[in-house]
Amino acid sequence: MLRVIGKRLALLIPTLFGLSVLLFLWVRSLPGGPATALLGERATPEAVARVNELYGFDQPLLLQYFTYMGKLLQGDFGTSIITGRPVLQEFATRFPATIELSVVALIFAIGIGIPLGYLAARHYGKVVDHGSVVLSLIGITIPVFFLAFILKYLFAIQWPILPPDGRQNPRINATHFTDFYVLDGILTGEYDAAWDAFQHLILPGLALGTIPLAIIVRITRASVLEVQNADYVRTARAKGLMEKTIRSRFILRNAMLPVVTTIGLQTGLLISGAVLTETVFAFNGIGSFLRDAIFELDYPVLQGFIIFIAILYALINLIVDISYTIIDPRVRVQ
Amino acid sequence: MSNILPPAAGGEVTPATAEPTLSEGSGTGLWKDAFRRLRRNPQAIAGAIIIGLFLLVAALAPILAPYGGNELPGRTEITPINIPGPGELPEYPLGLDRFGGDVLSKLIWGAQASLMIGVISTAIGLAGGMLLGLLAGGLGGWVDSVIMRFVDILLSVPNLLLAVSIAAILGQGQYAVMIAIGASQLPIFARLLRSSMLSQRGSDYILAAQTLGLSRRTITMSHLLPNSVGPVIVQATLSLATAVIDAAALSFLGLGGGLPQTAEWGRMLTYAQAELASSPYLAFLPGACIAITALGFTLLGESLREALDPKTRQK
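Top line first, the protein sequences correspond to chains A and B. Okay, so the first sequence: first residue is 1 according to the UniProt record's numbering, each after it adds one. Okay, so the second sequence: first residue is 1 according to the UniProt record's numbering, each after it adds one.
Same shape as in the complex, but just chain A (with noise of 0.2 Å):
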């Protein structure tokens, strides 16, 4: 097992490598270069060549990249251009948020979605399924954004059930040590602050999970279906097992493997949703602050940010292996 998790961390390290190859590039390239995109752009030359020597923009490209990588190896990642903080600590304050909101939108998708998938194979045919493949096509041809307007308007403002934007209401005095604002509230036993910066989450949380719900539920139902006529499922049957038992040991279990799959990409991608849904409902998160990155061209929050990124989804497909190995003994002795 551990000997698998290495050989896999190992790949890990041609990607990241090129990947920092291309970002390297990617900075050089960006209009004006980095020095512009530092100073703006009525930026003097005097002030550009300034910067290029303080930076070491004006060494020769090989020099620089070293230079680059090295502090990259050692987890310096810059400085943002827009808070003049350094990026890590950046990422470490925000982090937290965008978290919260994800665990919440995987919470509800999985949630609804595997039942969901599983009950319109079990009906094949019937109003349910019929029900949940209309429903899942909306939800994978609904913008996000589109979707997280219509949620903030229903239910913030036709009818002002839960808040419309922000983490929590200003006006609760609550302790943060975590930065993880539910959490924070259990742990200091502060149940007002907590139940609010839930409340905060609701909404977000639907609509960055309704891509990802949509997704599931068509896997899930693909997967049950090819399942539940396989010949061992007839066997089980034939030999007068309780249906409970086939249902869940033979039939559930076996249809997980894509599921799960679907389950770990989905996470992944939750990043590019996020943007969009904090965006939309003013949620301080990683997403907000890489939409004002973007605008700025804060290009080491960026840079940064896209290695992070590509770790994260390295270290959640090897999760996934890994739960293969649990749902499937065959996976095992291999």
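No lab work stands behind these hints, which were simulated from the structure alone. Hints are not guaranteed to be accurate.
To be verified - Part of the chain B face toward chain A, derived, beta carbon under 10 Å:
hint	residue
1	V157
2	L161
3	A168
4	A241
5	L276
6	A294
Positions of the beta carbon are idealized from the N, C-alpha and C atoms, including for glycine.
Model the placement of chain B on the given structure of chain A, informed by the hints.
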């Protein structure tokens, strides 16, 4: 994963079980057969109608739209606290936006913009991806390794972020958006074509062609490629939906360039944000247009996949 979504019609149409698959050989090619099956699939027809309407509106925009795309005919009708909504003024049936633009005209011109961005960006992705996939699948060896590593790297960055990074280099504007979205779709096409070619490589007909002494180029170009292109075409149809949504997302984030009142669906949503409480139609109308267009391409793409899938073909 096989696609198991046969709509009601799928099973009923062919009672020709007495006359098995051989009869298909008499003049019915893969594509002809696929087309025949598409015509009988209500899902495909619904998709085709949506796309047909969308194409028609986009093509006839100059005739259909009461006003020009960037015109602000109702500039004098709006005040900071009041934007006339749908039905309030007879000359603007779907109301005005905060700039004084006619929403109906902007939606119509927006169809043209979306169609152009969607088609061109997918074409860019398709052309680039197919070239890479063809080189990788056709030449194999180290070329294959290098190209696939490159594709892996691109795949390790989320699509939207990749598009955004490319747009950052190219500057804001419609062309940047097209290239960015095209480039972000390139890896999928490259991978699909390569894997499809690899799966065909061991087939008997390739072996036959090799035995006949045909050159590698001829085999690749006139045997391998045409037989491997099916999944790529399906993906291209589905990618059109993604391209329309992604283009709207990029211009929603403000990377589309041009004037703020530009008639583009994603852009219209950006400025609808502030008016969501008072004029929700400003968000709902363009949003619905994006969703319906994407729905059309998705329906058509999925029926096409079904029609080309050998697993469901025999039915």
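**OP:** Please name the hints from earlier in the document that this structure breaks, with their numbers sorted from lowest to highest.
**Re:** none
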